[in-house]
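Trainee: Sequence:
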Amino acid sequence: MLARQGSMVLYQGKVDFSYKGAGFAGRIVGNATGQEMQLMRCTGQGQVFLAEDSTMLHPIELQGDGICVSAENVLAFDESLQYEVRRIEGHGIPGGALFTMQFTGTGTIVVKTHGTPVVLPVTPTTFADCNAVVAWSAAAQVVVSSQVRMRRNAYPGDTGESVNLQFRAAPGNFIVVQPYEV
Numbered sequence: 001m002l003a004r005q006g007s008m009v010l011y012q013g014k015v016d017f018s019y020k021g022a023g024f025a026g027r028i029v030g031n032a033t034g035q036e037m038q039l040m041r042c043t044g045q046g047q048v049f050l051a052e053d054s055t056m057l058h059p060i061e062l063q064g065d066g067i068c069v070s071a072e073n074v075l076a077f078d079e080s081l082q083y084e085v086r087r088i089e090g091h092g093i094p095g096g097a098l099f100t101m102q103f104t105g106t107g108t109i110v111v112k113t114h115g116t117p118v119v120l121p122v123t124p125t126t127f128a129d130c131n132a133v134v135a136w137s138a139a140a141q142v143v144v145s146s147q148v149r150m151r152r153n154a155y156p157g158d159t160g161e162s163v164n165l166q167f168r169a170a171p172g173n174f175i176v177v178q179p180y181e182v
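Read in order, the letters of the sequence shown are residues 1 to 182 in UniProt numbering.
Source of the hints: derived by calculation from the structure; they are not laboratory data. All of these numbers come straight from a predicted model, not from anything done at the bench. Even glycine gets a Cβ: it sits at the ideal position worked out from N, Cα and C. Treat the hints with caution; some may be incorrect.
[Claimed, not checked] Under the rule of at most 25 Å between Cα atoms (straight-line distance), these lysine to any residue pairs were calculated in the SDA-like manner:
#1 Lys14 x Arg4
#2 Lys20 x Gly46
#3 Lys20 x Val110
#4 Lys20 x Gly66
#5 Lys20 x Leu57
#6 Lys20 x Pro59
#7 Lys20 x Thr104
#8 Lys20 x Gly44
#9 Lys20 x Ala32
#10 Lys20 x Glu52
#11 Lys14 x Arg41
#12 Lys20 x Glu72
#13 Lys20 x Ser70
[To be verified] Okay, the calculated beta carbon distance ranges per label pair:
#14 Tyr11 x Pro171: 38 to 46 Å
#15 Gly21 x Val119: 28 to 36 Å
#16 Gln102 x Leu57: 19 to 27 Å
#17 Gln47 x Pro124: 40 to 48 Å
#18 Phe127 x Ile60: 16 to 24 Å
#19 Pro124 x Phe17: 40 to 48 Å
#20 Leu120 x Glu61: 17 to 25 Å
#21 Thr123 x Ala32: 32 to 40 Å
#22 Tyr11 x Ser54: 13 to 21 Å
#23 Gly172 x Gly46: 34 to 42 Å
#24 Gly105 x Ile28: 19 to 27 Å
#25 Glu84 x Gln12: 27 to 35 Å
Work the whole structure out from these sequences, hints included.
Mentor: As structure tokens, this is what we get:
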């Protein structure tokens, strides 16, 4: 199992913890995209208990499918899962893109949330605040939706909801949203 460095709070049995480096290219990509994960490898026989900042933990079983999760929301995952940085392009986003981690294969990923998340099926009219989205089905198409309007300058103030993600997909896809904005 790979886990976020420093997240172990208790273990029983004979478990070894070792540094899991991302390599030079992995560090460059992680720093450039904000999707850097500092990991440790947990091996041996026993139980390992993980926690971080009193967040709620949600194990998700992948069985050959995929899920997209921000690196910030990943606590641990099976080493059998493949993962890579995925780019979400869009207009109206500072820097021109958002990034996320895409996990695929067979195994478990533990996702952390602030509060009890809402899991919704994806429909053509599913929009979510990009700062509250935790995860979504990798098969879902994600489009950046900008609420910037020409009349905006005529009125003072801002709603703070100018950039959202729209999800489109076939039935069976889902999104996970937490009641908290990062």
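Trainee: So if I understand the rule, the pair passes when the alpha-carbon distance is 25 Å or less; does Lys20 with Thr104 pass?
Mentor: With a Cα-Cα distance of about 19 Å, the restraint between Lys20 and Thr104 holds, given a limit of 25 Å.
Trainee: Checking one constraint from the list: CA of Lys20 to CA of Gly46, max 25 Å. Satisfied?
Mentor: holds, 20 Å
Trainee: Evaluate the given range 17 to 25 Å for the C-beta pair formed by Leu120 and Glu61.
Mentor: holds, 19 Å
Trainee: Given the hinted pair Lys20 and Glu52, is their alpha-carbon gap at most 25 Å?
Mentor: holds, 19 Å
Trainee: Kindly confirm whether 32 to 40 Å is satisfied by the beta carbon distance between Thr123 and Ala32.
Mentor: Given about 33 Å between the Cβ atoms, the range holds.
Trainee: Run the distance test for Lys14 versus Arg41: straight-line Cα separation, threshold 25 Å.
Mentor: holds, 14 Å
Trainee: Is 13 to 21 Å respected by the C-beta to C-beta distance linking Tyr11 and Ser54?
Mentor: Since Tyr11 and Ser54 have Cβ atoms about 19 Å apart, the given range 13 to 21 Å holds.
Trainee: Are Gly172 and Gly46 spaced within 34 to 42 Å by their CB atoms?
Mentor: Between Gly172 and Gly46, where Cβ atoms are some 36 Å apart, the hint holds.
Trainee: Just tell me: holds or violated, for the beta carbon distance of Pro124 and Phe17 against 40 to 48 Å?
Mentor: holds, 46 Å
Trainee: I want to verify a distance hint. Is the separation of the beta carbons of Phe127 and Ile60 within 16 to 24 Å?
Mentor: Once the Cβ atoms are compared, 23 Å apart, the range 16 to 24 Å for Ile60 and Phe127 holds.
Trainee: For the pair Gln102 and Leu57, does the Cβ-Cβ distance stay inside 19 to 27 Å?
Mentor: Roughly 20 Å apart at Cβ, these two residues keep to the hinted range, so it holds.
Trainee: Going straight from one Cα to the other, do Lys20 and Gly44 come out at no more than 25 Å?
Mentor: Holds, at about 15 Å.
Going through the hint list in order, the structure satisfies each hint without exception.
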